[in-house]
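Asker: Chain by chain, the residues run as shown.
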Amino acid sequence: MAEDGTIYYTNGLPVPDTPAPGEEPEFWKETDVVGKRTPRVDAYERVSGTAVYPSDIKLPNMIYGAILRCPHAHAKVKKVDAGRAEKMPGVRALITGDSPEAGGLKWKYRGYSGPLFDAHCRFEGEVVAAVAADTPYQAWDAVHAIDVEYDVLPHVVDHNLALTGKAPEVHDQGNLAGTDEYERGDVAGGFAEADVVLEQNYETGCQLHTPMELHGCVADWEGDRLTIWESSQGVYAVQSVLSGILGMPLSKVRVIGHYMGGGFGSKLWPGKYTVLAALMAKQAARPVKMILTREETFLCVGNRPPNTMRLKAGVKKDGTLTAFDFECIGPSGAYPGGGTEIVDWLVRDLYQCDNVRCLSRDVYIHAGTARPFRAPGHPQGSWALEQMMDDLAEKIGMDPIELRLKNIPSISQGRGIPYTRTGLKDCIERGAERFGWKDAVKRAREQNRSGSHIKRGVGMGACLWIVGGGGPPSTVVIKLFRDGSVNLNMGASDIGTGTKTIMAMVAAEELGVKPDVIQIEHADTGTTQYATPSGGSKTVPTEAPTVRNAAIDVKRQIIQMAAEDLGAPAVDLDYEGSEIVSMKDKSKRIQVTDVSGLKKRGVVIGVGYRGPNPKNKSVNPFAAQFCELEVNTKTGEMKILRFLGAHDSGRVMNRLTYDNQVFGGIVMGIGFGMTEFRQLDANQTGKLCNRNWHDYKLPTALDVPVDMESLPIEIDDPEANNTGAKGLGEPVTIPTASAIANALYMATGIRFTKAPVHPMEMRRRLSAGKEG
Amino acid sequence: MRTIGAGAVSASLTGAAMVAESKPGPPEKILDATDTVKLKLNINGVNYAVLVEPRWTLLFVLREAIGLTGTKEGCGRGECGACTVLIDDIPRYACMTLAVEAEGRRITTIEGLMTGEELGPVQKAFLEEDAFQCGYCTPGQVMAVEGLLRKTPEPSMDEIRTGVSGNLCRCGAYHHIFRAARKAAIRKTR
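Same order as they appear, the protein sequences are chains A and B. If you want my numbering, it's the position in the first sequence, counting the first as 1, plus 137. Going by my numbering, 112 is the number at position 122 of the second sequence; the sequence numbering is gapless.
Mixed in with the good hints, there may be bad ones.
Straight line, CA to CA, 27 Å or less: simulated DSS-like cross-link-like pairs of lysine-lysine [stated by the list, open to error]:
| id | chain 1 | residue 1 | chain 2 | residue 2 |
| --- | --- | --- | --- | --- |
| 1 | A | Lys651 | B | Lys114 |
| 2 | B | Lys28 | A | Lys651 |
| 3 | A | Lys579 | A | Lys562 |
| 4 | A | Lys736 | A | Lys723 |
| 5 | A | Lys243 | A | Lys213 |
| 6 | B | Lys173 | A | Lys776 |
| 7 | A | Lys173 | B | Lys173 |
| 8 | A | Lys166 | A | Lys725 |
| 9 | A | Lys543 | A | Lys173 |
| 10 | A | Lys562 | A | Lys543 |
| 11 | A | Lys195 | B | Lys30 |
| 12 | A | Lys562 | A | Lys454 |
| 13 | A | Lys736 | A | Lys725 |
| 14 | A | Lys195 | B | Lys28 |
| 15 | A | Lys651 | A | Lys173 |
| 16 | A | Lys195 | A | Lys389 |
| 17 | B | Lys30 | A | Lys173 |
| 18 | A | Lys575 | A | Lys776 |
Far from chain A, by Cβ distances over 12 Å, these chain B residues were calculated [said to hold, decoys possible]:
| id | residue |
| --- | --- |
| 19 | Lys28 |
| 20 | Thr142 |
| 21 | Leu158 |
Source of the hints: derived by calculation from the structure; they are not laboratory data. For each residue, glycine too, the CB sits at the ideal point set by N, CA and C.
So that you can see chain A by itself, here it is in the shape it has in the complex (with noise of 0.2 Å):
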């Protein structure tokens, strides 16, 4: 697994410190803002249209970028003839492998680094060449007229066959990217302790992340400094990689990302488009606006891989867990992406169980490389894992939700420390009450029994996300203006989950104004502080306690200028709304923006860091998610009546959002369980068969149900960090699959191993079970 100074959205990035932060400030005990149904404060500019986009971006002389991509799963290229091309309407730069320009480049990703234009094409989508005209047609046409040679190769796109000795090679060192082991206790002696030991194999598909906004940039340069609008998660990775891959300095790649329309992981890192942009505006001596078509972003952006696991465990008649071994293969894809990462770690962390295995292999295909995708491999260990605990739970004769709480571990048992702390229990317990956990499985049953050939059935998950408590590095910047208004300065991306309006939320608590009066730039290099990616769920956890220390620290300013003039020493005073009062005297009080000071130099500049987090624990959120579903046995069709998310994600922070986030992770969950899996051609071609939302199928409004409801499980945690926050936006989407999986078993009475569970599935299992 990665340890938590290498996880994934921050792997090959280098990371710098912060300043430590000085004293942290106490928890609050009572906020007014924070917490609080606030709409976002750039609702206005997301619902008017008026909000930039990268991919809305249009500059002076600015021309369009086309990719010319390799069709085949594996091949090389023997020649590229880009004659013709080259002499069509509107062509401004071209360039190909052989381009003086391209010459020496190396692309980097995950430790992985090889040539820009790689003539041996590993994967369907590979770039070959790239066209940049007056319009997106004419690069198109253009694109379309260069003429390449390729020598057609034989591929392996199946990761169950990478690894059989009988598959081509995707790598001269063979098919195994990585191998992870991991085992505590005695698993032999476990299984021997146990009255009941059962074994399955499950399988999940390979999900595509097809944000709505196509991954995309607008490269501009000015002389030797360079400007990049990218769809990013993080402008200062895109900044890193790009300065390294060009041999810039990184004060002459300014990156800009103000809005992004959603990246769930595949938006970490820019894309070898985003070097051919800039390469080619170079050529041009004009701006290039380089967007994918949508179906590229289904070959080569990443993608959450395919799983294959084994899961073996046993129980005690009392519950008692006492072995699990767990297996699992997965595919990086043609380079090095975390084809299995992280997939076993709820196996490993979330039930109490003293004896543990883990084996995980990762293997090379041709197909486009993983990059993480919400929560990467949590959804298909937890697919695993909670079906087993429901499988278990029915052998030994006890209730799903029981033998959850009999095992609820009092430590992270896969880092051998404590949580700060654990909503687990509470998130199950609270969680099926709310649900109405008895009556429904009740009521279930007795529809069951009718005859009707509508079954029904209820199911829940519970889960851990890895990670989710955030840390350094993080500095933000709080100007605090005469009148009263107020700039923050922060350099994380707002990824859609809301963060911008979580830090006005903080930032107003602290300073007793209204979050409408905080004006936030963010997502630039050239302009705000050093932030890592918005992944991991780690935004709001790194980045709300550092605009409160910035606050603080504006405060800590205005208070000594206060002093002045109220005649009082600094330590007697307070803010009290947005007065300072004395405390020893509630007569002498001053409105902040009557202080003199402030008044005379106009503007207050607050510096905040991220302090440490709490050594030798770990801040974890906790999540529980119950459904009801009915399945139509005789057309396959499944609909989900309802659904719970139970989620302990610390302090919330702002119940509007936040309601928003835990209904949206069901929603891709609900795609991951049942509609969404990427379909290569493997026997033949090995190209992908389905790269459109047509033949790919998302959830849409009706495949969700309307009664949907979240139930914060609101745990103090003054440890986690000075706002108590943790991260949402990935448990959310963990055990929601697992959950209807559960439903539908109780439905049917069919397990199913395999996801997504789509009706033609269904339709195919009960009819199996008719037969045999």
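Dock chain B against chain A, hints included.
Answerer: Positioned in the frame of chain A, the structure of chain B alone reads:
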């Protein structure tokens, strides 16, 4: 409108708002792909004269020629609805509509729902109910709801869900979108 894109038609099938009567258009003149034609488009009540290639979509012309970037591109092939605009009050996928086909029609984009700097009622409801996350599909969702309410002022929950079913939201903000649609309907009819 005879040849308007298949995506718009498929939207007609899935969206409650859309029962487009197809009227026969004038006989068509065959042009070369690289020829340009002069076109008058009525967008948000304003007439624009633009020079376009016949293959240019309405989406491309809105965004890149005219600069109305509120309308987004998500797929370019009539699957996601990010580019939804109203054409004669009916929600249409602008990526599946050629600009030349939109001449003589009343085109409304997200910018057209504003009164000056003031948000329209559907936009306001989206803001209050947090009916989005990344916000990229939002202009299309808003236009789908606007189109729905113009045809069905008091929609049922099923009609709302069907009405936005041609608009994907990868962040999964559907639940809040339903709430915003209901709120906007109540406000508009009041």
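Asker: Hint by hint, note whether the structure agrees.
Answerer: Results for each hint:
1. A:Lys651 with B:Lys114: 20 Å, holds
2. B:Lys28 with A:Lys651: 51 Å, violated
3. A:Lys579 with A:Lys562: This hinted pair holds, its Cα atoms lying about 23 Å apart.
4. A:Lys736 with A:Lys723: 23 Å, holds
5. A:Lys243 with A:Lys213: With Cα atoms ~18 Å apart, Lys243 of chain A and Lys213 of chain A stay inside 27 Å; holds.
6. B:Lys173 with A:Lys776: The hint holds at about 26 Å.
7. A:Lys173 with B:Lys173: 20 Å, holds
8. A:Lys166 with A:Lys725: 25 Å, holds
9. A:Lys543 with A:Lys173: Between Lys543 of chain A and Lys173 of chain A the Cα gap is close to 35 Å, so the pair fails against 27 Å, i.e. violated.
10. A:Lys562 with A:Lys543: Distance of about 9 Å is within 27 Å: holds.
11. A:Lys195 with B:Lys30: 23 Å, holds
12. A:Lys562 with A:Lys454: 21 Å, holds
13. A:Lys736 with A:Lys725: 19 Å, holds
14. A:Lys195 with B:Lys28: 23 Å, holds
15. A:Lys651 with A:Lys173: 13 Å, holds
16. A:Lys195 with A:Lys389: 21 Å, holds
17. B:Lys30 with A:Lys173: With a Cα-Cα distance of about 49 Å, the restraint between Lys30 of chain B and Lys173 of chain A is violated, given a limit of 27 Å.
18. A:Lys575 with A:Lys776: 21 Å, holds
19. Lys28: 17 Å, holds
20. Thr142: 15 Å, holds
21. Leu158: Since the minimum Cβ distance to chain A is about 5 Å, Leu158 of chain B lies within 12 Å and the statement is violated.
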